[in-house]
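Protein chains: 4
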Amino acid sequence: MTKRRAAILGTTGMIGQRFAHMLDDHPYFEVVAYCASDRSQGKKISEVWKLPDAELSDDLEGRAIQQTVAEDLSREGVELVFSGLPSDVAKDIEDECAELGMAVFSNASSHRTDPDTPILIPEINHDHLEAVDIQRKRRRKGGYIITNANCSVTGLALGLKPLVDAFGIEDFHVATYQALSGAGYPGVPAVDILGNILPHISKEEEKMKSEGRKILGRFEHGQFVDSSVSILASCTRVNVRDGHLEAVFARMPDMPDNERIASTLGEFKSRPQELSLPSAPVEPIIVTAAPNRPQPLVDSLAGSPERARGMAITVGRIRTTEDSLRLFLLVHNTIRGGAGGSVLNAELAHREGIL
Amino acid sequence: MTKRRAAILGTTGMIGQRFAHMLDDHPYFEVVAYCASDRSQGKKISEVWKLPDAELSDDLEGRAIQQTVAEDLSREGVELVFSGLPSDVAKDIEDECAELGMAVFSNASSHRTDPDTPILIPEINHDHLEAVDIQRKRRRKGGYIITNANCSVTGLALGLKPLVDAFGIEDFHVATYQALSGAGYPGVPAVDILGNILPHISKEEEKMKSEGRKILGRFEHGQFVDSSVSILASCTRVNVRDGHLEAVFARMPDMPDNERIASTLGEFKSRPQELSLPSAPVEPIIVTAAPNRPQPLVDSLAGSPERARGMAITVGRIRTTEDSLRLFLLVHNTIRGGAGGSVLNAELAHREGIL
Amino acid sequence: MTKRRAAILGTTGMIGQRFAHMLDDHPYFEVVAYCASDRSQGKKISEVWKLPDAELSDDLEGRAIQQTVAEDLSREGVELVFSGLPSDVAKDIEDECAELGMAVFSNASSHRTDPDTPILIPEINHDHLEAVDIQRKRRRKGGYIITNANCSVTGLALGLKPLVDAFGIEDFHVATYQALSGAGYPGVPAVDILGNILPHISKEEEKMKSEGRKILGRFEHGQFVDSSVSILASCTRVNVRDGHLEAVFARMPDMPDNERIASTLGEFKSRPQELSLPSAPVEPIIVTAAPNRPQPLVDSLAGSPERARGMAITVGRIRTTEDSLRLFLLVHNTIRGGAGGSVLNAELAHREGIL
Amino acid sequence: MTKRRAAILGTTGMIGQRFAHMLDDHPYFEVVAYCASDRSQGKKISEVWKLPDAELSDDLEGRAIQQTVAEDLSREGVELVFSGLPSDVAKDIEDECAELGMAVFSNASSHRTDPDTPILIPEINHDHLEAVDIQRKRRRKGGYIITNANCSVTGLALGLKPLVDAFGIEDFHVATYQALSGAGYPGVPAVDILGNILPHISKEEEKMKSEGRKILGRFEHGQFVDSSVSILASCTRVNVRDGHLEAVFARMPDMPDNERIASTLGEFKSRPQELSLPSAPVEPIIVTAAPNRPQPLVDSLAGSPERARGMAITVGRIRTTEDSLRLFLLVHNTIRGGAGGSVLNAELAHREGIL
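Chains as they are written, first to last, in the numbering used here: chain P, 352 to 706; chain A, 352 to 706; chain V, 352 to 706; chain Z, 352 to 706.
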């Protein structure tokens with residue numbers, strides 16, 4: 352099978368590097384263009400690499416970084432684009448690519464609120480793919496944009512979906528402990544965070560609410576209808592490399608007991624597992640009974656097959672009372688909550704025949 | 352005025368050292384005995400000192416550490432005892448001291464659940480002092496034990512009290528970010544916490560619920576009646592030196608707006624402020640409007656007069672909706688939430704004439 | 352006595368804030384202008400403050416930040432300028448100030464190699480002040496520039512001076528462990544340094560050699576003559592807030608023993624101590640016999656009178672053999688090795704009558 | 352080929368776990384007994400695992416921990432023992448095992464100074480294996496002990512050996528930056544090292560000198576003759592998980608230039624490479640020209656094939672002058688400088704026919 356020709360935008364960033372690593376030797380896609388801002392142009396991937404836990408293949412090491420010009424990509428026959436661009440620059444370039452007929456899989460937030468752009472998490476809302484049809488009609492050459500959710504939302508939505516569906520739990524509080532890599536590079540100055548916690552991340556709490564409701568909502572009669580789920584978040588940055596930890600609280604009369612919560616989460620499977628998508632975790636939600644887990648250091652290992660190389664979330668410390676539920680969940684923010692989310696979206700699009 | 356003769360138990364621990372520092376040159380009390388376990392016996396305070404932010408006076412530096420023998424203390428005329436002992440050893444020794452007629456002000460959890468022992472936070476429940484009368488009757492020589500609350504509970508209860516009283520808010524979720532010093536010494540191994548978060552602290556979540564309800568409850572007809580306030584906590588340890596941060600969530604129809612919450616908290620004063628107790632903060636709750644505060648590094652400074660030398664809590668990021676409230680609060684865990692709590696208790700007892 | 356009118360350049364930086372804190376209520380100088388780059392213009396000092404361990408006075412909090420225009424300063428009657436500017440912008444502005452007749456006390460490296468500009472450390476080379484006479488002649492209005500040394504060099508030179516003078520030791524190796532604040536703000540990204548050591552600091556090793564030799568050298572017949580001391584350094588950045596630690600090695604036949612090294616260092620006093628300059632440490636070199644000191648966390652406390660509020664260096668673990676010496680020394684990099692160095696220089700200039 | 356039956360002592364420690372991980376599915380050895388102290392007895396390996404970067408195989412996970420009784424091991428047919436025991440308990444047990452005929456490969460320091468026990472680093476002193484003959488004669492049943500070097504010494508000796516041999520460089524200073532895992536578990540308290548450097552590691556500087564000279568020395572006429580190389584060290588503990596960084600300084604007239612130093616180190620190969628021992632790195636010394644390497648976080652990756660899974664050292668920032676050399680080297684302290692060292696020793700012993 353011929354692989355589809357792909358490009359990466361924002362290759363030198365935290366998300367872009369994860370894209371490069373995950374797409375190296377991918378069964379469906381072949382990266383033919385590694386793009387970044389002008390100051391990296393002409394450099395080799397190996398010169399800009401900053402991920403200690405993701406080793407470069409010999410082939411990848413030597414690839415050169417090129418300018419980000421949508422028309423060049425079109426000319427090079429690029430069919431799909433993975434965007435790890437910062438939101439401020441992503442908006443226009445992603446639109447240009449889509450207008451030129453490319454399928455854009457984006458980690459940027461710029462288009463997440465567009466009325467015909469899905470925030471896709473294949474385990475949760477694969478039916479939102481339908482919105483793409485509308486989008487393709489308005490674009491001149493059939494291109495489109497599909498976004499992955501914000502890193503914290505991705506983990507949270509995956510953990511909430513089975514609980515909302517099975518038990519109708521709808522009222523959530525969540526406090527986050529978010530890793531440094533979520534702030535990009537250079538990101539957080541070391542002097543600000545050494546021995547400290549920063550109790551604010553710009554726009555994050557709003558995104559958790561609005562993106563969460565869009566993802567958990569329906570796509571009906573050509574438009575997105577938000578879920579009525581309530582998500583109230585308090586977000587902090589912590590001095591951790593990778594892995595967003597989230598303390599989730601829920602209220603509801605007649606809360607199911609620990610065991611039912613655990614089995615409902617642990618047994619959850621969906622479309623990516625049915626299709627055996629290459630990046631799909633066998634178990635999207637790993638439930639641990641260990642008394643002191645999940646921990647970012649132990650449960651967010653990009654290289655660990657047991658943790659689905661960062662594509663599964665881990666849930667632990669499930670505690671219920673008659674009317675309350677508490678649990679901790681952990682998501683690898685730059686893999687499942689970033690690049691990996693968009694790679695899975697592209698795999699789904701490919702298998703669903705819209706690529 | 353003659354100062355009352357005091358002893359410190361557990362002088363070499365994290366809490367014990369704070370006691371030593373706060374009681375050095377205290378207007379009411381004079382420490383005549385610094386006690387610790389046998390292996391520190393005979394050492395000078397300066398040899399066991401581990402608090403980088405609390406400088407020893409010349410006098411304190413040279414004081415020697417002695418064995419912990421209740422009868423020796425009695426013989427030396429000690430009237431009150433500050434206990435920073437670990438809970439497992441505290442139980443018996445504190446009882447012995449109380450039986451010998453001493454007033455024990457304890458940071459240990461061993462006696463917090465005793466039916467006639469108050470968990471005292473003078474701003475909240477100074478009327479619980481009454482329980483001491485009952486206790487003194489059962490003890491042979493009129494001694495008694497007063498405990499301070501668990502470090503996380505102290506900060507939380509201070510923050511909740513004005514909200515419960517003014518608005519009847521009763522349903523709280525709280526996620527904590529607890530500092531290393533709360534685990535004592537040696538405490539948490541560095542290899543476990545470097546670049547990590549530990550989502551479990553033994554018995555902490557239970558204490559937050561049960562101690563919180565006792566403190567916020569009443570003492571009536573000779574017994575404690577728990578408050579009906581609901582406190583559900585999820586506790587973590589973070590790589591921060593001092594200062595427990597807490598993300599608090601509350602639900603209630605017709606929630607007051609941000610300004611009323613802020614002014615109610617900021618204007619809160621109580622008995623210690625009326626009495627101008629030496630360790631009482633002028634404002635027990637400092638409310639900040641800064642977008643990225645409170646931060647443990649910035650707002651838990653033991654030496655800062657502006658932060659009441661660790662005796663005030665700091666509240667920030669107050670966010671309300673129609674039916675919800677979110678805020679962050681920060682408490683210096685070894686000062687207000689530890690040694691300072693008991694010092695304030697002793698000051699209150701002294702001024703209320705029961706010492 | 353009327354205080355001399357002073358300005359601070361680069362007020363919002365790590366060094367600038369130390370200047371603001373040290374000069375608040377200074378006996379000789381009164382800061383009349385707090386300057387910074389345009390984007391801070393009009394802000395209050397309290398809005399840009401980033402030093403957790405240096406509390407703002409009420410007066411200082413409310414002071415506004417103004418643009419950096421040499422002519423404005425001249426018009427406002429500024430007599431001396433403290434510069435915490437980054438080296439790239441410092442060069443021209445400092446020259447402009449000096450040309451307008453102001454005395455510039457600079458932490459920037461831009462002018463350190465000028466042939467008539469001293470790198471002044473009053474304890475070591477107060478006689479280098481003479482170079483200022485030459486400089487004043489070439490400037491139109493009698494202004495001049497005096498620099499303080501690089502942060503690592505300052506600590507090292509202070510520690511080496513007594514050893515070079517007393518014993519003729521001349522051959523040094525030094526490995527550094529340099530704190531984050533030395534890299535300014537935002538400085539080192541947290542993702543680069545969490546759980547890591549960076550074994551390179553741009554131009555630092557070269558500066559340690561060249562600045563060290565200029566400082567330890569002579570000013571004769573109108574020019575600087577470098578010392579023949581050999582200083583070979585290997586510099587690293589570590590995840591520490593403040594305080595550069597340095598492992599110093601020296602070789603020489605007939606090395607004096609530990610006691611003589613310790614007493615020679617501990618008894619060292621010089622011109623600032625004779626003059627009792629306001630910022631001069633009583634003992635410039637604190638020698639500790641503790642087995643595990645100096646430590647940045649414990650011995651670099653800006654607020655500690657015992658550690659001379661960051662103006663003394665601490666030396667420990669002195670170990671000698673027949674022909675070798677090893678020791679560790681610690682310097683507070685933004686105080687003694689930064690702002691404090693220039694404040695002391697200005698105090699010396701004032702008392703020597705050249706201000 | 353039948354695999355030789357092996358046991359691990361101290362399985363639950365930092366070194367013991369590395370042994371378990373490296374020996375899982377080893378071509379020469381089969382671990383039949385995982386021993387540890389009584390309090391771990393009966394637990395599964397998975398319950399005591401603390402290494403986030405070394406994943407357990409399904410087989411290893413379920414293995415149970417047994418008591419440490421030399422006679423039991425003998426009865427179970429154990430032929431060789433890997434000891435990760437703390438030095439205080441290692442001495443007697445290792446002797447017992449050797450007396451019962453087992454070959455002991457030990458990371459403990461207890462026997463390193465024995466006159467007939469080699470401190471073996473196969474690339475450096477494989478000929479020291481000869482000492483084992485003497486040892487076997489004195490032991491009743493032909494058992495023996497071979498130690499690996501201290502973690503810091505291992506890296507240093509590997510880096511120095513080619514320089515001593517090729518150029519006769521003999522006079523070294525070294526400052527270390529040593530990782531937490533070198534202190535075992537629980538090791539360093541987090542409160543002591545967060546944002547700090549500890550400038551003392553018990554006995555480490557002495558070991559670097561004495562072990563270095565024994566390793567680089569000869570075994571002649573039945574005894575060890577120390578090398579005359581001078582190694583003066585200053586050792587510190589830093590807040591890094593794995594990987595000891597060392598700043599090395601050397602003095603010598605007519606120092607070779609950077610290129611010769613680099614090629615001499617990079618081309619170094621020895622006996623383990625000739626024999627293609629399973630754990631031998633293809634290049635024992637990886638030389639990097641990158642301006643800011645080696646870094647512990649990037650160059651001490653246990654899972655990286657490019658870094659020889661922790662068995663190679665990395666050397667960078669080679670700087671020479673006419674008479675001086677400076678470089679940084681990095682060794683994975685629990686792999687090459689710990690368990691991996693002893694595994695390589697056992698592989699050599701096996702291939703040299705003394706097992």
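It is worth saying that the hints were derived from the structure and are not from the lab.
All values reported here derive from a predicted model rather than from experimental measurement.
There's no promise every hint is true.
It does not matter which identical chain is meant; a pair holds if it fits inside one copy or across any two.
Quick list of in silico lysine-lysine cross-link-like pairs, DSSO-like style, CA-CA up to 30 Å [stated by the list, open to error]: (1) LYS492 <-> LYS401; (2) LYS620 <-> LYS394; (3) LYS354 <-> LYS554; (4) LYS395 <-> LYS554; (5) LYS554 <-> LYS394; (6) LYS442 <-> LYS492; (7) LYS395 <-> LYS442; (8) LYS492 <-> LYS620; (9) LYS394 <-> LYS492; (10) LYS560 <-> LYS492; (11) LYS560 <-> LYS395; (12) LYS492 <-> LYS395; (13) LYS554 <-> LYS401; (14) LYS442 <-> LYS620; (15) LYS488 <-> LYS395; (16) LYS401 <-> LYS488; (17) LYS354 <-> LYS442; (18) LYS488 <-> LYS354; (19) LYS442 <-> LYS401; (20) LYS442 <-> LYS394; (21) LYS554 <-> LYS492.
Consistency of the hints with the structure:
no.: 1; hint: LYS492 <-> LYS401; result: neither (36 Å within a copy, 51 Å between copies)
no.: 2; hint: LYS620 <-> LYS394; result: neither (42 Å within a copy, 33 Å between copies)
no.: 3; hint: LYS354 <-> LYS554; result: neither (38 Å within a copy, 48 Å between copies)
no.: 4; hint: LYS395 <-> LYS554; result: between (34 Å within a copy, 25 Å between copies)
no.: 5; hint: LYS554 <-> LYS394; result: between (34 Å within a copy, 24 Å between copies)
no.: 6; hint: LYS442 <-> LYS492; result: within (18 Å within a copy, 55 Å between copies)
no.: 7; hint: LYS395 <-> LYS442; result: within (26 Å within a copy, 35 Å between copies)
no.: 8; hint: LYS492 <-> LYS620; result: neither (35 Å within a copy, 59 Å between copies)
no.: 9; hint: LYS394 <-> LYS492; result: neither (32 Å within a copy, 50 Å between copies)
no.: 10; hint: LYS560 <-> LYS492; result: neither (33 Å within a copy, 60 Å between copies)
no.: 11; hint: LYS560 <-> LYS395; result: neither (40 Å within a copy, 35 Å between copies)
no.: 12; hint: LYS492 <-> LYS395; result: neither (33 Å within a copy, 53 Å between copies)
no.: 13; hint: LYS554 <-> LYS401; result: both (26 Å within a copy, 23 Å between copies)
no.: 14; hint: LYS442 <-> LYS620; result: neither (33 Å within a copy, 51 Å between copies)
no.: 15; hint: LYS488 <-> LYS395; result: neither (38 Å within a copy, 53 Å between copies)
no.: 16; hint: LYS401 <-> LYS488; result: neither (40 Å within a copy, 52 Å between copies)
no.: 17; hint: LYS354 <-> LYS442; result: within (27 Å within a copy, 56 Å between copies)
no.: 18; hint: LYS488 <-> LYS354; result: within (25 Å within a copy, 66 Å between copies)
no.: 19; hint: LYS442 <-> LYS401; result: within (25 Å within a copy, 34 Å between copies)
no.: 20; hint: LYS442 <-> LYS394; result: within (25 Å within a copy, 32 Å between copies)
no.: 21; hint: LYS554 <-> LYS492; result: neither (33 Å within a copy, 53 Å between copies)
Hints 1, 2, 3, 8, 9, 10, 11, 12, 14, 15, 16, 21 from the earlier list are contradicted by this structure; the remaining hints agree with it.
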